[in-house]
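The primary structure of each chain is shown beneath.
Protein chains: 2
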Amino acid sequence: MPATILKGTIVSAPSLGKLDITEKGYLIAEEGRIKGVFPVLPEQYAGAPVEDYGDALILQSLADLHLHAPQYPMLGMGMDLPLLDWLNAYTFPTEARFADPDYARDIYRRLARELMENGTTRVCMFSSLHREATLILMEELERAGVTGYVGKVNMDRNGIPALQEETEESKRETLLWLEACQDFQHVKPILTPRFTPSCTDGLMDFLGKLAAERGLPVQSHLSENTGEIQWVKELHPDCSQYWETYAKYGLWNDRTLMAHCVWSDERERAAMRAAGVTVVHCADSNQNICSGVAPVRRMLDEGLKVALGSDIAGGDHLNMFDVVAASVRASKARRMQDGWETDFLTVAEGWYLGTSAGAAFFGGRPGFAPGNSLHAIVLDDGDLPQPHPLTPQERLERCVYRRQKNALRAVWSSGRLLFSREK
Amino acid sequence: MPATILKGTIVSAPSLGKLDITEKGYLIAEEGRIKGVFPVLPEQYAGAPVEDYGDALILQSLADLHLHAPQYPMLGMGMDLPLLDWLNAYTFPTEARFADPDYARDIYRRLARELMENGTTRVCMFSSLHREATLILMEELERAGVTGYVGKVNMDRNGIPALQEETEESKRETLLWLEACQDFQHVKPILTPRFTPSCTDGLMDFLGKLAAERGLPVQSHLSENTGEIQWVKELHPDCSQYWETYAKYGLWNDRTLMAHCVWSDERERAAMRAAGVTVVHCADSNQNICSGVAPVRRMLDEGLKVALGSDIAGGDHLNMFDVVAASVRASKARRMQDGWETDFLTVAEGWYLGTSAGAAFFGGRPGFAPGNSLHAIVLDDGDLPQPHPLTPQERLERCVYRRQKNALRAVWSSGRLLFSREK
Chain A
426 MPATILKGTI VSAPSLGKLD ITEKGYLIAE EGRIKGVFPV LPEQYAGAPV
476 EDYGDALILQ SLADLHLHAP QYPMLGMGMD LPLLDWLNAY TFPTEARFAD
526 PDYARDIYRR LARELMENGT TRVCMFSSLH REATLILMEE LERAGVTGYV
576 GKVNMDRNGI PALQEETEES KRETLLWLEA CQDFQHVKPI LTPRFTPSCT
626 DGLMDFLGKL AAERGLPVQS HLSENTGEIQ WVKELHPDCS QYWETYAKYG
676 LWNDRTLMAH CVWSDERERA AMRAAGVTVV HCADSNQNIC SGVAPVRRML
726 DEGLKVALGS DIAGGDHLNM FDVVAASVRA SKARRMQDGW ETDFLTVAEG
776 WYLGTSAGAA FFGGRPGFAP GNSLHAIVLD DGDLPQPHPL TPQERLERCV
826 YRRQKNALRA VWSSGRLLFS REK
Chain B
426 MPATILKGTI VSAPSLGKLD ITEKGYLIAE EGRIKGVFPV LPEQYAGAPV
476 EDYGDALILQ SLADLHLHAP QYPMLGMGMD LPLLDWLNAY TFPTEARFAD
526 PDYARDIYRR LARELMENGT TRVCMFSSLH REATLILMEE LERAGVTGYV
576 GKVNMDRNGI PALQEETEES KRETLLWLEA CQDFQHVKPI LTPRFTPSCT
626 DGLMDFLGKL AAERGLPVQS HLSENTGEIQ WVKELHPDCS QYWETYAKYG
676 LWNDRTLMAH CVWSDERERA AMRAAGVTVV HCADSNQNIC SGVAPVRRML
726 DEGLKVALGS DIAGGDHLNM FDVVAASVRA SKARRMQDGW ETDFLTVAEG
776 WYLGTSAGAA FFGGRPGFAP GNSLHAIVLD DGDLPQPHPL TPQERLERCV
826 YRRQKNALRA VWSSGRLLFS REK
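The listed protein sequences correspond, in order, to chains A and B.
Counting in this note's numbering, the first sequence tops out at residue 848, every number present.
Counting in this note's numbering, the second sequence tops out at residue 848, every number present.
A few of these clues could be false.
No copy labels: a pair is met if it fits in one copy or bridges any two.
[To be verified] Listed below are the simulated SDA-like cross-link pairs for lysine to any residue, each with C-alpha atoms no more than 20 Å apart in a straight line:
no., residue 1, residue 2
1, Lys830, Arg846
2, Lys830, Glu594
3, Lys830, Glu539
4, Lys443, Pro622
5, Lys830, Arg538
6, Lys443, Asp505
7, Lys443, Leu506
8, Lys830, Asp806
9, Lys449, Glu476
10, Lys848, Phe609
11, Lys443, Ala773
No wet-lab data here; the hints were simulated from the structure.
Computed from a predicted model, the values in this text were never measured in an experiment.
Working from the sequences, and respecting the hints, build out all of it.
Here's what the structure looks like:
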């Protein structure tokens, strides 16, 4: 297998807020693994074929660590409704349709394609509770080249009749699903209790033991809004905080993703840091549903792991460029809410969260580090007007803020070229 | 001239928060003026040619009441900088380039095209201080079919050497500009003192008298951030509030637009209501530059006139669909900031602000009222997945939130078809 050599303006995020830039540089991978970024082509590759993208930006691809695949058809709707009405009028009926495999196939094929076309090559997704549709989702992601984790949702209480399982059924279906998804190469299972109010103690206990036995990662929701927190307190009077309802069943460790964490206080954040839990910040969703604004700056200062999620369809942007911009914007809302006392996220910081911080959950080291699986996109911004000759930093910033028609020229995922378009 | 008859799913905003819907309806105009919306084709039009858009949405086009045309090339850049650094590093140098007519021609042609392609047919724009470039901007808007007002900016203090006028020069250039723009049919002049700190008393006095003599509208900035308000207080110790620095020179009446008004308190808002001044709310910009969140709900409750502006390049979205969504989102940030005590804007309310409320500044009545100039867009959202059969309201909401590639099928501006694309 020959080396993959990409030439262009290479920009990566090696640490929070920092950008590594190599103009006219070479990003080299062998067998899908990055060898490094070089300002000059190393001698051993002389004569090897080079994908020369000219002046185009070569960037890390994006990682979306929280989204609800079956909510894709309702993207951008119902957001004038309060959370519970929104769930009942839109979310639950929409998810219930995924009992139909043909519907699931059609929707998930489109979703996988749109993710790939937006440069999102890594995901952690909630499916619905349906085993078959979950497997279809995994197939379609695998086919499109999108990598990551997908979870069949577990929910055995507080749903609606069309969208709820019996406890034993939920356990059995989970085991059957795990059995059936062993053959996927790039898409792996993640255990997915919807959130504490949706799962009985018996089901949580089962999932925690299963996670430990099989070394499976876990994803769920935490402290999204104050009403939910109060509800969890009533359901679990033995737990003084929401996170403990996961911890007590073994669903709280360094392979755990918790979406939102808008209202996580110092003690809950300390528990996340201690366990190595990753917070998935979903800025658009939190604003759309008026949940609040997560204290991301504080989380970062405290050393928590924070990545980004589109959280469709509470969030209304599937494109992670928009999600990065939304995280920057939300940090400014938080700054204003805090009386201008907390710093906002810079674009470079938002970019790190949307790329390197997300990749870390899959074992990637920050930036284009040697040994990382090759996940990269090529962006051509040459059609936009120039106020002055732009630095690569300025070009990246503009790409984050400004959607550019047909700007994406290529997408590489796990070493494979998924997509390529001529200039 | 034959009647223009558009057939489709007609949705318009007759009042704040209300939508008028006519499925399979006919929107009819004669000589560029709307006759009405009809569920059945009136007999007198039998046999007349009908533009049948099938199930597509026929909507009012959008009005952008505050944007800085010469900042278009820097859209989406520099927003990690504090306001004054941003002005000095980006805004002023970028605007200074418009001394070059060729550069102006290239940039303004692209801007006019992008506005039209986004369905924005009415604008109130700041140009730069350059007379020639301002005329080029007006020519290019006129050519593209975008209608509205453009202002040569006046600024005779606190600029940078490359972007500031002498007082007499500013007056003279303004008169020459007004002379030269008499022949435009759809683009008219608006007096544009940049903001109080940029204009000496002598210049403000001149502009106020000119506005009165010639019946010209006025646009400027008001109470965007607290530092600016303090600065104005120092410059005008005789005025107890910012707005009075405009009012005392006759720049404060029902043909006045004031952008931002983030920090306008009850007294300043009462002065706006009494004079009939229109507030232009620029949600993205206010968040990007951390100015604050304008109390739009309160303004509306108090009966103020409020329209929307993209405020590029403080704002990062030129597309008014995004600006409508941003206004809804900002109202949710404000709600959270107010301890969940103020209501957010619904999508229907945001849509009214971006269409009917903006059109009002040009004399339009709300919605597709008979007598209005025909400003309409046709949107085809048929390619998106459906969670269930959607109502026209749901389709509108999704159009606001979700960018759809190639969804725009036609744009009508001031009775003329500017743009049309086959399905």
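When Cα atoms must be at most 20 Å apart, do Lys830 and Arg846 count as within-copy, between-copy, both, or neither? both (12 Å within a copy, 17 Å between copies)
Reference check for the pair Lys443 and Leu506, CA-CA at most 20 Å: within, between, both, or neither? between (39 Å within a copy, 16 Å between copies)
20 Å Cα threshold - placement of Glu476 relative to Lys449: within (12 Å within a copy, 52 Å between copies)
One pair to classify: Lys848 and Phe609, alpha carbons no more than 20 Å apart. Within, between, both, or neither? neither (34 Å within a copy, 38 Å between copies)
With identical chains treated as interchangeable, where does the CA-CA distance between Lys830 and Asp806 reach 20 Å or less: within a copy, between copies, both, or neither? both (9 Å within a copy, 18 Å between copies)
With 20 Å as the alpha-carbon cut-off, assign the pair Lys443 and Ala773 to within, between, both or neither. Within one copy only: 6 Å inside a chain, 41 Å across chains, cut-off 20 Å.
When no copy is specified for Lys830 and Glu594, does a C-alpha distance of 20 Å or less occur within a copy, between copies, both, or neither? Answer is neither: 46 Å inside a copy and 42 Å across each miss the 20 Å cutoff.
Within, between, both or neither: how does the pair Lys443, Asp505 come out at a Cα-Cα threshold of 20 Å? Between copies only: 14 Å across chains, 38 Å inside a chain, cut-off 20 Å.
Evaluate Lys443 and Pro622 at a C-alpha cut-off of 20 Å and name the case that applies: within, between, both or neither. Neither. Shortest intra-copy (40 Å) and inter-copy (36 Å) distances fail the 20 Å Cα cut-off.
Can you give me the call for Lys830 and Glu539, within, between, both or neither, at a CA distance of at most 20 Å? both (14 Å within a copy, 12 Å between copies)
Could you place Lys830 and Arg538 in one of the four classes (within, between, both, neither) given a Cα distance threshold of 20 Å? For Lys830 and Arg538, both the intra-copy (16 Å) and inter-copy (14 Å) Cα distances are at most 20 Å.
Going through the hint list in order, the structure does not satisfy hints 2, 4, 10.
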